Structures are given as structure tokens and as C-alpha cells.
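Using the hints, put the two standalone chains together into the complex.
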Amino acid sequence: MKPIILQGHERSLTQIVFNAEGDLLFSASKDNVVNVWFTSNGERLGTFGDHKGSVWTVACDSQTKYLVTGAADNTMRLWDVRSGKCLYVWEFLTAVKRVAWSEDDEMLLSITEQRSGQPSVIRIFKINREDPANQSSTPLREIILTGSKATVALWAPLSDHIITGHESGKVAKYDTKTGEEVMVVEESHRGEITDIQLSPDGTYFITSSKDKTARLFDSETLQEMKVYPTETPLNSACIAPLRPYVILGGGQDAMSVTTTSSRAGKFESRFWHKLFEEEVGRVRGHFGPINTLAVHPQGKAYASGAEDGFVRVHWFDDSYFRSRPYGDLEPEVEL
Amino acid sequence: MASTKPLKTDWTADDEGDELPPTTETTDADGITTIISWKFDEHDRKVKTTRRVRRKMQTQLVSHTVAERKHWPKFGLDKGKGSGPDRNTTIIGENIHFKVSATSRAEPEAEQSAAKAPAGKAFVCRLCKGGHFTAKCPYREQLAAIDSVGADGGEEEMDGPSNVGALAAKGAGGSTVGGRYVPPGQRAGGATGETMFRPRDEFPTLRVTSLSVDAEDEDLRDLFARFGRVVRANVVRDRDTRESKGFGFVSFESRKDAEAALSKMNGFGYDSLILSVSWSQPREPRQP
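Residue numbers (the UniProt record's numbering), protein chains in the order written: chain A, 1 to 335; chain B, 1 to 288.
Chain B with its partners taken away, still in its complex shape (with noise of 0.2 Å):
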């Protein structure tokens, strides 16, 4: 099965009493089928369902008693309905990354900063503007390594914690800076404050192209997983075929890891053919 699109409403047919049109199944050159079916809502109006499907035989040898149970009819609440699993009862989950290995331990609870502020206490280090004393400052050492390459003209990049005021906020618990609050859109390093969902572009992503069209998200993940612990490596594939386009996205946890496996992958040779790696290029943020 590759997609099915969500319940399409008519609104403009809704003659009343009108008959159904015909349940219709066309399949077209690439094996995908598309079923058009009709049905009456709660409130009579015609609904027009497309389902696209791509329908692939799969065949599987059990012992007689499994075969003939196949074909028992149904009992209960279930008496008189076809075969085939009941949208209202049965629906397919995500897909759940499993993997069974000896370190999968649960991580532990995220250990808040070192530098958490002694409660009550109003010192304020210097360097980092947290509330700890500046000797026992931990970001004494970065703060001097990045006043070094101001000093000399170079421009670090600004993201994470070589940032001097994400320091300062982090240092104070995160949301204040010498004791006034900043919201967290207006942090440095927090542009766009806190989400639901995690944008795709915070991990360092390499795009894989020349990818052999046999390789699946597994494999993808196998391949780079020896530079360092990979967060996803997903094969693009074709909406409705579910074939390969023959490129994927690999997101590392680190941006070293990244930078590793993109100067040691690019013109790898994998399954007959040469790889090419890049940096993944952020999308377009997506029109409305």
C-alpha cells in the first residue's frame, strides 16, 4: 500500500436520494491502483473517497487448520462484513525504529548544567554573566578560546554553545539575562523558541546521491554509522511507486561526525556504484 489520501468531500453534488455512483478501480502503468468510492455522511451529502493503493502479492506457506481459518466467516459484531481488515478497528502505526543492542540502556534524565545557579545567592560571574562565582566559571576556557578568534578577525559560527550570549543565557538557567527575562524568541541562539516538532535543518544532514536503488533507510544507516550516532538516514522514495529515487538524507548528532564521513563517503563506491556526498541544503521555508 503507498498512500491514501484523506476523505475528499463534495460539496456541490449533494442532490438528495440521488443514487451512488459505482465503485471504480483503475490501475494504471506503474501498478498503483485508484479506488473511487461513494458514500452518503451523517448529513446526506455524497462523499467521494480515492484511495491509491499499490496492491503487491505476498505469499506466505502455513499448515492447513491456518489456511482454512482464513476462511471462517465472521461472528459477532463483526457477523456479515467482507474480508479484509476494518478501518475502524484495525489501523497501521508508525513505524518504529527497533533496534536490540547492549548499550540501548535508557539515557539517563538529561543532567541540568553545571553552572546552575545556587538558589537565593545574587553573585553573578563575569565572564559568563551566570549566577555561580567567576572562578569556578566552567566556560572560562571558551570564552577565552572565542575572545582569541574575535581578536583575530575570524567569524566563528554562531549556533550552539560557542555562542557568548547563549552562554550567558544558559549560565542563568535560560531565561534571564542580569536578571531581566528575555523571552525565548529573543535569546541568542533561540530564534524561534521552542517547538513542538524539531525542524529537520538542526542536525548537520548530508545528502547522498548516486544511491544504488536496492539500498533501504537500513542500509543508508548501516553505511555512516561507523563516523558517529546517526539521528536519521532516510532513502527518498517515489510517493506512489515507494521505488528509490536513488538519494537519501543522513542527520548526524554531531557536526565533527558529519564533517568525517562527508570527506570519507564522497566517491565511496557502494553496491557498483560511485557515491556523492554533500551538505544537505535547507528547504525553502514552505508557502502557506
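Extracted from the complex, chain A is given alone in its bound form (with noise of 0.2 Å):
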């Protein structure tokens, strides 16, 4: 396996995200900017580069059209991924945290960031499709969080409910018609929850804690199904389609790297076994903690972004679709 190391980034990685067909990906840096590269040779497509603070977020809607980024300086930005040119911009009091794209890519939400008096507010837009640059700047929905602000957000299968990982370490689940939190699970973490990515049929989900887990849940019922213990915090989680394989990544925080070696320090992206719960297989080769992590829609690659500002990208060999390492006890894939 020869890893694609893309160096497009001055400052550490945030989100990195696939588009649908796994042909493009989309990486946001501290550095303000977000490149967008070819996965199949790292060749980089272009750069998206208006925001004026660091780029916390990004998501990319499924036909690969428009693109949506969320930063530290107040704003969300609406993109045209074929030009790279900013078509809306939506400004707020503070710091956009987490965006993402409704399965029918007509809404959008955002997760502002709780500071100066200012709640944490998650909002959902309606994307006007035909006319990309004439956006209303109102939200369809206002949800107000009074506990814990929200970290991480996604949309429940069909869109008509809203999952957030909270900094305390909670679950919860809101009405898009309502607003209302209809499921909570207070305790699910014991501490912030990092990252939260669905599984390919959208029925569970992985989340990723810095209380060193990542654990697995049903989408419809927030019950926890299993639990991946590790020995750091982790930034990151996805579940890998076709393989019964997660993918974890995280490394102690950023500023303790310096004082351990990068071998004590524990930045590998970590590869667990799904049902088992057993690690199965490590990747070296950043030398940052990874910050966050996605899988090729279709199971052929991932990709690993991490404070060392790279993007590794790592197209499986065919021994990783082939191994069954619990023998009989799994069924073959065919490719």
C-alpha cells in the first residue's frame, strides 16, 4: 500500500471529506484555505480560498455541485466546486463549527460555536438549487442548545432528524420540523465527542470521543451497540463499507506532542474489527495526531488528515479485501 501524501495545507487538517463517487476530496485547514484533489494520483484541482479564518469544516452535497464551508471567522460559505468561486456567504456571531448537507441536498445545517454570551445554535437552511447565488440568509429552523453546545451534527437517515455529539459527552437527537430534542442519551461519552460519521446504509453510527473511545450506534434508537477502547484521545472515526471494519484515529492533543517521540505518541490510524471489537491492523506514518479521517464511499481507499498538515491518502491492496482475519466466521466480498 503506497500512500498519496498530499502537502497542500501550511497548518494542520480539520475535516476532510469524499464527494460521492469518491473521485474527489475535499480537505479544510487551519490555514484558511480548502483544497479540493483527484483521489486516484493526489493531483489538486483547485483551492477555495475567501475565508479569512481558520476552516473547521466542510461538506460537499451528492452530486458533487456545491460545496459548503463553515470557519472561525463567523461565516458559512456556499461554493461552486466546478469554478471554485463563492456563490453566498452567511454570517453569524461566531465561530461555524460543523456543517453538513441533507440526503436531498435541498437543506443545510450549521452548528455555531457557544462563546461571549452566545449560545451554540444549530440552524437549518433551505438551499435554493436553481438560483445558488439568491440564498435566504434566515434559517428554516433555530435550535438553541441550553446544555452542552453541540461539537459534530449529521442527518438521520431521511433527513427528518438531526444526530449531535455534545462537549459533555452526550447524544441527542432533533426534530427538523420541531426542533425539538426528541432522544438524548446523556452519558453515552465521558468526555467531548470528537467526530460522528454514518455507516453506508445510514442505520448506525460511529462516534469518537477524547475519552479514548469510539462506540457504535443505532440511528433509530441512539442504543450503543459496541464499544472500541484505545490508549488515546481520538479525533476521529468511520466505518469502512464493504469490510466489517472501522477506522479510528486520534494521538495524544497537540500540545504534548512535542514532548514524546512520534512512536510513543501513538499516530496511527487504528483499524478495528467491527462486530469483534479487536484491533486488527495499524497505519503509520504521520507525525501529528490525525485529526480527522474519511472513507471512499465505496470502500476503496481512505484518506487521513493530521495536525502535521498532510492528507494521506491509501488505496487498499487486494490482501485487505481478500483477509478474513476470524476465518470462517466471515463471509467473502466479492469486488
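Quick caveat, the hints were computed from the structure, so don't treat them as lab data.
Check the hints yourself; a few may be wrong.
What the hints assert, rightly or not - Computed from the model, here is a short list of chain A residues facing chain B with C-beta under 7 Å:
id: 1; residue: M1
id: 2; residue: N41
id: 3; residue: G84
id: 4; residue: V121
id: 5; residue: K177
Fair warning: this is a prediction, and the values are worked out from it, not measured in the lab.
By construction, the Cβ of each residue, glycine as well, lies at the ideal position given by its N, Cα and C atoms.
So, in C-alpha cells, the structure goes:
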């Protein structure tokens, strides 16, 4: 497995996402720029560079037509993927920490940071796809959070609910139509939830947390299904399609990195068996903690972005697809 | 792509303002393309770059939208750049051996020798000179065995833990013998001291010849993995064409496994050829 190393950022990565076909990879970074890359050869297609602060989050719609980004300059921007032009800017009072497209690409959600007296707010916007430069600046729905602030969120299948992960370790579910909290699991993690990603079929999702564990939850009931305990705080987790693995990434906090060697830092992507909850492999390479992981939607590759400013795209070998670490307990997968 | 040569600076020809020769591409009989390109560096010197690559056409079926996106013009900082990865932003990393297995859990931190000297105590083992009581010496049986070999006049190979001197050094924490500091280079069993790069000959290595040209590193590893843990398995390839030269090397973690593999695999039929396995001869030290 030869990784493709993308060095288009001067500062650490915050979020990377594949598009629906997996041929493009978007990378957001603290250096205010979003890059888009061809995943097959690592060629950079272009840069989206109008933000005036760290870009915290990026999301691409299912048709790879529009891109949305949220940044520390208190704005959320809509971009045309093909030309790299900024189409619309929403302004808020605090930084935008997470954005996501609904399943039908008609709606957007954004989470703004809780700071200087402002509460953390989840806003849902209706997107005008015909005339993208003409958007409504007032949200369709506003969910003002009273308890712990939300750090991550995704749309539940069919987009009638939003699932959020909170700083306190809480996982909650909100109704899109009414904005009410319909379900909550207060103590699902013992630390801040750092990432949340949906399974390929949407029936379950994975969360990673600073409490050194990643957990799998049912999307419908928020019931905890699996736990993956590791020895470092986790920053990201994703579920690999095709094979029964989850990929976890983390490492100790950036502030304590210089005090330890990269070997002790455990800056590896860890592969865990989804069902048996056991570690089955590691991929080395980064020399800073992994901040974000993304997996190719068809399960052929995965990418990791780290504090060291590099993105590494790994295309899986044949041996990965043939691997059956637990022998006959696992079904073979036709490619 | 086979290999790329680093930049070659041409020191002689630096007529400033000179026209650059055009980029030339020649393809030889082996299918290797040599690309010679010229540019000026920051001191206006002419720099010749020679890259030798092997182009291989790979066909992939993709959806229409993906194929269409491949022809999009670049934008942002990459505006106007040609197709193909820019070597300033994209590099290919080193090969990573990634194997999914149920037992690949992180290996526990190497346990320190059980005979670690208790701090601040001044007793020395009579047998191995380590900092522990003679009765508790962990090397007692090994030392007895070595002594008996020595009495028979047999010559034991002097490497690793079978060396009495090494044992003594180990028992005392590795840096002192009888309270005196011994530099790593003079310690028994460690003539070279520590280096960042472990030498190739550190592991028992077998040379496998009459190997099928279709065999990959992975095949070689799988073939020999049944005898024990394989540290390294590689097929020797032509530097330019990447074609197998029909032999390879396999390194084991333990000598016993290597010996077993040598006896079993020498003469083994593999892919309609009969393998010939022998010990690998250590390479002559490189001339500087």
C-alpha cells in the first residue's frame, strides 16, 4: 500500500471529506484554505480561498455541485465546486464548527460555537439550487442549545432528524420540523465527542471521543451497540464499507506532542473489527495526531488528515479485501 | 513509474540569458521513457533534470460524471496548471506493509530483562556479574550449558545471548561490567554500537533463486511465513523495468525458523520451477 501524500496546507487539517463517487477529496485546514484533490493520482484540482479564519468544516453535496464550508471568521460559505467561486456567504456571531447537507441536498445544517455570551445554535437552511447566489439568510429552523454545546452533527436517514454529539459526551436527536429534542443519551461518552459519521446504509453511526473510545450507535433508537476502547484520545472515526472494519484516528493533544517521540505518540490509523471489537491493524505515517479520517464511499480507499498538515490517501491492496482475520466467521466479499 | 533521478546541476554551462534546450523524451527498447527537461534555478543557472519513467496504461471504468470532472480546468492557486499531479503538492509515500490480522495488536513494550539490578544495592552475581543474587541468576542454566560446550572444545557461534560477555553486560543493565563503564563499541556482542538503521545482516536471511518471475513480495512472504515470522521478503527487480530477476531474499526473526525453511524449501516446486534456497552471503561493505 503506497500512500499518496497531499501537502497543500500550511497548518493542521480540520476535516476531510470524499464526494459521493469518491473521485474527489476536499480538505479543510486552519490555514484558511480548502483544497480539492483527485483521489486517484493526488492531483490538486483547485483551492477555495476566501475565508479569513481557520476553516473548521467542509461538506459536499451528493451531486458534487455545491460545497459548503464553515470557518472561524463567523461565516458559512457556499461554493461552486467546478469553478471554485464563492456563491453566497452567511454571517453569524460566532464561528461555524460543523456543516452538513441533508440527504436530498435541499437543506443545510450549521452548528455555531458557544462563545462570548452567545449560545451554541443549530440552524437549518433551505438551499435554492436553481439560483445559488440568491439564498435566504434567515434559517428555516433554529435550535438554541441550553445545555452542553454541540460539537458535531449529521442528518439521520430521510433527513427528518438531526443527530448531534456534544461537548459533555451527550448524544441527542432533534426533530427537523419542530426543532425539539426527541431523544437523548446523556452519558454516552465521558469526554467531548470529536467526530460522528454515518454507516453506508445509514442505520447506525460511529462517534469518537476524547475519552479514548469510539462507539457505534443505532440511528433509530440511539442505543449503544459496540465500544472500541483505545489508549489515546480519538479525534475521528469512520465505518469502512464492504469490509467489517471501523477506522479510528487520534493521538495525544497537540500541546503535549513535542514532549514525546512519534513512536510513543501513537499517531496511527487503527483498524478495528466492527463486530468483534478487536484491533486488527494499524497504518503508520503521520507525525502528528490524526485530526480527521474519511473513507471512500465505495470502500476502496481511506484518507487521513493530521495535525502535521498532511493528508495521506491510502488505496487498499487486494490483500485487504481478501483478508478474513477471523477465518470462516466472516463472509467473503465479491469485488 | 520506475525511478526518478534527483536534480542534476550542470555547473559548466551557465551562460546567462541563454535559451533553454527543449524538453526531450526518448523511449528505449525496454519501454522506459527518458525525459530530459531544462530550467533555470534561483541563481539563473541551467539545471538539467533527467527522469526515467516507465509508463503503464491502466484502464478504469468510471461513471460519466467522474470522467467529466477529470477534464475540468483548474482553479484557485492551481489556475492554468497542466494536467497531472504537481510535485510540489503531491508525493507518493513509501510502501506501507499493512496486513489485517486478528493478532496484530500493538506489541507490548519490550519487557526489560528480569535481571534488572535493584537500585542502590551493591551485590554482584558470581556467575554473570549482574546486579542480583547468584542464586537468582536467570542465566545460570545457559551459562552452565555454554561452559560444558567450552569443555568439549566445541566452538559456539559468538552471537546474541549465547555470549557470556554479552550476558554480563546485559545483567548489569547493559552499560557497565564490574562497575566500570564500557562504551557500546567495545561491549561484547556489539562491535558496531547502535545505528539508526539496522543492518540487513542482523536477521538470518535466505537467498531464494529459480523463483518464478511472476512472484511478488507478498507471494514470497506467504510462501515462507509458515516457518516462522518473516521480517522481510523481497523479490529483486530490475531498477528500470521493475521486472523480477528471478531471485529474492527472505529474512526470518529467528535462526531456527530460517534453518527449517532452508531444509524444507530447497528443492520445493513452486510455479513449475524448483526453488533453490541457500544462506544469503553478507554484502561486502560499500566503498565510500
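How the hints compare with the structure:
1. Taking 7 Å as the C-beta contact cut-off toward chain B, the hint placing M1 of chain A at the interface holds, the least distance being around 5 Å.
2. Satisfaction of the interface hint for N41 of chain A is found here, the shortest Cβ-Cβ separation to chain B being roughly 5 Å, below the 7 Å cut-off.
3. Annotation: interface hint on G84 of chain A holds; nearest CB of chain B at approximately 4 Å, less than 7 Å.
4. The closest approach between the C-beta of V121 of chain A and any C-beta of chain B is roughly 31 Å, which is over the 7 Å cut-off, so the hint fails.
5. Interface hint status for K177 of chain A: violated, as the beta-carbon distance to the closest one in chain B is roughly 32 Å, over 7 Å.
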